[in-house]
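Student: Just need the whole structure built from these sequences, with the hints factored in.
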Amino acid sequence: MNQLKIAFKNLKQYPSAMVGLGIILFLVLVSVYALVTIPYSEAVYLWRGGEDVWYQYPKYAAPSWFNFFSEKKQPISFFVNTADGSMEKVVTHNTEDISTIEANYSFDYQADGLPQEITIYIRPEVGPKFPFMSISWITPDGREIRIADMVVQNKTSYRFSQDEKLQAKLKSEKVMQVLFSDPELETPTVLKGTYQLKMIATTFTNGDEMDMEFVLFGTLSGAAGTDKYRRDLLLPLLYGTPIALAFGILAALGTSLLTLIIAAFGTWYGGWIDELIQRITEINLVLPFLAILIMVGTFYSRSLWLMLGVTILLSIFSGAIKTYRAIFLQSKESSYIEAARAYGAPSSRIIFSYLVPRMVPLLIPALVSSVPTYVFLEASLAVLGLGDPILPTWGKVINDAFTDGALYQGRYYWVLEPAILLMITGFGFAMLGFALDRLFNPRLRDI
Amino acid sequence: MAEELVIPKLDGAQEAKITFKDSTFMRIFRYTSVRILTMAITVVIGVYLTILIANMGGYVDTIMRNDIRDTMTQTILLNPAYRNLSTEAKTRIVQEKIENEIKRRGLDQPFAIRSVRYLKNALTLNLGRAVQMSSDQGSKLVRNILLERLPATLLLTGTSQLILFFGSLFIALSLSRKYGSFWDKVIIAGSPTSSVPSWFYGLFFILIFAAVLKVLPFGGLVDVPPPDNRVDYYLSILKHLILPCTSVIVSSMFLSIYNWRTFFLIYSSEDYVEMAKAKGLTSSDVERRYILRPTLPTIITNFALLVITLWTGFIITETVFKWPGLGVTLYRAIGFYDTPVIVGSTIIYAYLLAITVLMLDFVYALVDPRVKVGSGSSR
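Chains as they are written, first to last, in this note's numbering: chain A, 1 to 447; chain B, 1 to 379.
Careful, some of the hints might be misleading.
[Unchecked claim] No more than 20 Å apart at the CA atoms, straight line, and that leaves these computed lysine to aspartate or glutamate pairs for DMTMM-like:
id, chain 1, residue 1, chain 2, residue 2
1, B, LYS103, B, ASP70
2, B, LYS322, A, ASP404
3, A, LYS155, A, GLU209
4, A, LYS192, A, GLU275
5, A, LYS322, B, ASP361
6, A, LYS59, A, GLU117
7, A, LYS198, A, GLU275
8, A, LYS198, A, GLU144
9, B, LYS185, A, ASP437
[Claimed, not checked] Heads up, incomplete: computed chain A residues facing chain B, CB under 8 Å, no partners named:
id, residue
10, SER16
11, MET18
12, LEU384
13, GLY410
Calculated from the structure, these hints are not laboratory results. Glycine residues also receive a C-beta, built at the ideal position from the N, C-alpha and C atoms.
Tutor: Below, the structure written as structure tokens:
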């Protein structure tokens, strides 16, 4: 414990180490938050669920904070529902069978741009006679526009812009423009103020239920925006953190520890074991690492955890074995090992209690510095289309954006958000690793 | 050559010199044979493993057979020439065609036997024909497919890696003489940036220079359509080369300079360097004669290993920049289950690596008089 304190105190002299530690701590907190608030199965469901899960979000919406930085405000997407009480619903029983369900929603619209679309989702649970429903729209200057009158037979999605009757009535195909513009002005300008949506339904059977959901698809949505499938990008950004950390740290830990132990075994026993390890290392040098990973991904499975296993397997017998071996050969001859041998310590004790711990100062910086390599490896595989099929990861987001031509289309947020997170992660571990290296290897400290 | 270099200056009798020479020759011969043998075994096992993986231990065969069955059935059923035949006759023809095709591709033999044949072909550089892919000229020969893409890859890897290598070497050399200076600190502070791979910088560069500033192309090798004029053609390639090349250089620059600098620093604090400085030699003389000379073996090793990596190309950077090189070809070959192309690209890398590693032993002895070939330890 005391040693740890001293190490930390020494580490404080390196500002880069503190920045790195801060970044890692932040990432760990984000991971914990993500894992606690969104269970694994829920995350997979939200990421892979299909239109039923994502329908409330607009396509290709940039993050909401874009408005802070631009003069022209864009509309932020929102949805309200009578089922969860975010939109009020008033039920009046006129006679025994006939009742009216009324839902009004007023909202303040201060954006300079038009929304992508307005949709009303109606979910009726009604008897043999279908209810009748009318929708109208009240603008800030007091005009009331009748949007639609319809018979609701079953679950209905009513999209304003796609209703041809409404287009004919408004004498324009650009429904959003008519609904949100100031009619007094020549050039279409958005009229700011409080808009109201009125929905009145009449049901004809006792016990009929009906829920309405009003979704305004803006051009901005949430803290992270959405992709082409309407998925909220906040999920992969949040949930990608624990995945990236787990992959990076597990791969780094597995690789460096196993390499160290194998090198220790080889040097301690010598002879054919050492020779075999050396030969395997050379064979491994010939094998094309990334190509094999791609083959495994294409031929077998794209599961992240399988990739992790293969990565570790292929990286164990790396050049690091030769470095460790050279140092082990030296320490094998040192007097404390001789002493251990003299009192009859078993080989396993010598390897695990005397040889391996001696390498910890060399191991830790190397381990921390190699984490980014593996974090980026996951992203690299994803960019090649070999990302895990079910997990929301940063690399997957970049891949989706890249294959959809986000850079050509100017949807930079889609690429930049995961990219910056990846970069921060990489820098965090690299900065800490470099500082640790200089701390533990005094030869480099004053250089 | 190597043999002569390790002979120490002997002022003694002629006889003694001859016996020493013989033993040196024997030692080098024995050492070389053992090295070549182990290297050969390494290459054989490495390539065989790649063949096994690239065939999924034989599972690709099943995929192939199903694929042949599907395409043959389709072509026969859709061919108007066979329309009037009875169903039975058609089935028979389909069956026959399938068997012919399976035999033509050699899929009728068990995988164990075929894998050995693949190995033999690979080792004799008889790369054979691709299964699905073909070169732009329509050739199915793996050799042609790989050769066609080689120039593009060498252009990208060669330009970027050579600039990177020599650039960082010389910057590091000059930095090693004034450590603690401002630029030295910049390099130390910047070295964590190398934890980010080149394709990732590529992404940012595409965003800045292609998408926002619109001064450089998004990717590819030349403009579409390619310019008729020769000069314009090369200028267009050059323009497309800038971004991928820069991203490769930027991603490794800081760490590379940092590593070389640290390496040179260790040597430049040696006593004989101080001595040379005290003698009043110019700094370029000190650098060349007292720092570069003893570090030459390491520099050569790094350079040799770099040269062989040029061959592999950058799979992901090429994909991101749509650069038509070997890396992309390998990636596409994997997607097509095109084993001959995968194995072909691996075997060439394996051979280059083995030859380079073997050569390095002798190059060491050439440039560093302290190293004796096969003696195991330095004098």
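Student: Decide, hint by hint, whether the structure agrees.
Tutor: Hints, one by one, checked against the model:
1. Straight-line distance between C-alpha atoms of LYS103 (chain B) and ASP70 (chain B) comes to about 16 Å, which keeps the hinted pair within the 20 Å bound.
2. Proximity of LYS322 (chain B) to ASP404 (chain A) is assessed by CA-CA distance (about 15 Å); at most 20 Å being required, the pair is judged to hold.
3. Only pairs whose Cα atoms come within 20 Å are accepted, and LYS155 (chain A) paired with GLU209 (chain A) is accepted, the gap being roughly 12 Å.
4. Among the hinted pairs, LYS192 (chain A) with GLU275 (chain A) is inconsistent with the structure: their alpha-carbon atoms are about 79 Å apart, more than 20 Å.
5. A distance of roughly 16 Å separates the Cα atoms of LYS322 (chain A) and ASP361 (chain B); the hinted pair therefore holds under the 20 Å criterion.
6. With a C-alpha separation of about 10 Å, the suggested pair LYS59 (chain A) and GLU117 (chain A) falls inside the 20 Å cut-off, and the hint holds.
7. For the proposed pair LYS198 (chain A) and GLU275 (chain A), the alpha carbon gap of about 82 Å is over 20 Å, so the pair is violated.
8. Proposed proximity of LYS198 (chain A) and GLU144 (chain A) is supported: the alpha carbons are some 10 Å apart, at most 20 Å.
9. For the hint linking LYS185 (chain B) to ASP437 (chain A), the alpha-carbon distance of about 16 Å falls within 20 Å, and the restraint holds.
10. Satisfaction of the interface hint for SER16 (chain A) is found here, the shortest Cβ-Cβ separation to chain B being roughly 7 Å, below the 8 Å cut-off.
11. The closest approach between the C-beta of MET18 (chain A) and any C-beta of chain B is roughly 13 Å, which is over the 8 Å cut-off, so the hint fails.
12. Nearest Cβ of chain B to the Cβ of LEU384 (chain A): about 6 Å, under the 8 Å cut. The hint holds.
13. Taken as an interface hint, GLY410 (chain A) checks out: its beta carbon lies about 7 Å from the nearest beta carbon of chain B, inside 8 Å.
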